[in-house]
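**Q** Following the hints, put chain G in place on chain P, whose structure we already have.
One letter stands for each residue in the lines below.
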Amino acid sequence: MNQMTETMFDQICGILRAHTKVETKIEPETLIGADLAIDSVEMFDLVMEIEEQYDISFPLEEASDIDTVQSLVTAIERITNV
Amino acid sequence: MFDTEANKNTVFAKFEKLSERVDKLRAAGRTPFGMRFDEMLSQTRARVGNAEILLAGTNNYLGLTYDADVMEAAKQAIDTHGTATTGSRLANGTYSLHLDLETDLKEYFGAASAMVCTTGYQANLAALSTLAGRGDHLLIDADSHACIYDACRLSDAETIRFRHNSPEDLNKRLSRLPAEGARLVVIEGLYSMLGDVAPVAEFVEVAHSNGAMIFVDEAHSIGCYGENGRGVSQAQGVLDKVDFISGTFSKSFASIGGFCVSRHEALELIRLVSRPYLFTASGSPANMAAARASLKVIASDTTLRKQLWDRVHQLYSGLTDAGFTISSPPGPIMAISRPDEHVAVAEWNQLMDQGVYVNLAVPPATPQAKSLLRLSVSAAHTEADIDQLIAAFRGLAKGD
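Taken in sequence, the protein lines are chains P and G.
1 is the number of the first residue of the first sequence in full-length UniProt numbering; add one for each residue after it.
1 is the number of the first residue of the second sequence in full-length UniProt numbering; add one for each residue after it.
In isolation and in its complexed conformation, chain P is listed as follows (with noise of 0.2 Å):
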């Protein structure tokens, strides 16, 4: 992960703490649903929450396809272009 990368994964693994109740190490391929216990609805709040704190729309079916954490981060480095 380069330094930029390094500092959203901080970032998201943050607000993934806040919304699961599963205490555990928050790694790259770390599954939000089935490790964290993020349901589909807690998912919905999720997104909007990184929506707005990277000022950033996400296409509903680019949501949909997220499992993993580094699946989130790349999809926020895809809109974001960073």
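In case anyone wonders, no lab produced these hints; they're calculated from the structure.
The model shown is predicted, which means the values in this text are computed figures rather than measured ones.
Misleading hints may appear alongside valid ones.
If the Cβ cut is set under 8 Å, some of the chain P residues that face chain G in the computed set are [to be verified]: (1) 40; (2) 48; (3) 50; (4) 57; (5) 59; (6) 60; (7) 61.
Even for Gly, the Cβ is constructed at its ideal location relative to N, Cα and C.
**A** Same frame as chain P, but now just chain G:
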């Protein structure tokens, strides 16, 4: 009981958790989803087993399902046209009934075009999935009904959600979009779960100032809001500025079917390319005739709307006096948020024990993962009916 071993590695394996959830609901009493009504006694009463139940979760806002003219129109349509059309609108399924209803809808809304579909769900699917194509953007309210989400999935356009009922958030998201491609904003006049009304006039302003068209689903609001019942768009004075209005015949219209009207004549063209419109049988003669007869009542009879709103205010006052917090200001839909699904299910069963049916709504069908007891008021409810409802809820508050 889910047979884990028998269903292992089959298409049913994914439903194990759902099955466990349904088992828990059944263990708490009746099955609230897909409940069996043995006999309808009136717009507001049904027999369930041996019990007569007061209905307060039907979306039958004007109570027209037993209106003499509406019933007669449906019966006559069967006598004249038979029970079904057995074909698509584009093939053999367009009768004079469908075209007359489209003419009536155009006249009622002052629209240039009208398209009647087989259900309300299909009306949104047919219009939205076809209007917005590749390279276009659909901007939808986050609390949109499932049919709007499904329409987006069927469309080749990119879909962006904005915060519920927030013209500010919509404005921000519109300003981020590239200049290329068309933009279509989709909202509902009255939201079906929490009963909250959209600031349609503000949304129209934001959409048009950003070069977008606006589509308002008035499924729950037609018949209830605005002079002559044309919906929230009319109530807020922007009916002539809204680009598309969709609705259903399954609520105030006391039938089944749906429609989309537009001030743009070009809507007519999508009939030839809209898959949900083309590849399904058209509405039955009885349903089309009932919807047409209901439209006449909705357009001309203001007494039913007044009765509806009298009962709305009576119920709202009674429930708030009993200590309940209603999710939105007074309206035909009232939702009461419960602490969790377990409490909501238990209370729903208690209400049934007291002879009252309301809707139980639980995640993921609800906004913000709420567990709700949802009521819908009808003009056919009497003052005594509303008193009975309030008394049943007072029983819950006391823990009776």
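**Q** Taking the least C-beta to C-beta distance, is residue 61/P closer than 8 Å to chain G?
**A** Cβ of residue 61/P sits 7 Å from chain G, so the hint holds.
**Q** Against chain G, run the beta carbon of residue 57/P and see if the smallest gap drops under 8 Å.
**A** Holds. Min distance 5 Å.
**Q** Can residue 59/P be said to touch chain G, with a Cβ gap under 8 Å?
**A** Check passed: Cβ of residue 59/P comes within 5 Å of chain G, closer than 8 Å.
**Q** Does residue 40/P hold up as a contact with chain G if the rule is Cβ-Cβ below 8 Å?
**A** 6 Å, holds
**Q** Closer than 8 Å between Cβ atoms is the bar; does residue 48/P clear it against chain G? Give me holds or violated.
**A** 7 Å, holds
**Q** Under 8 Å is the threshold here; is the Cβ of residue 50/P close enough to any Cβ of chain G for the hint to stand?
**A** 12 Å, violated
**Q** Would you check whether residue 60/P satisfies its interface hint, that is, whether its CB is within less than 8 Å of any CB in chain G?
**A** 4 Å, holds
Hint compliance for this structure: hint 3 is the single one not met.
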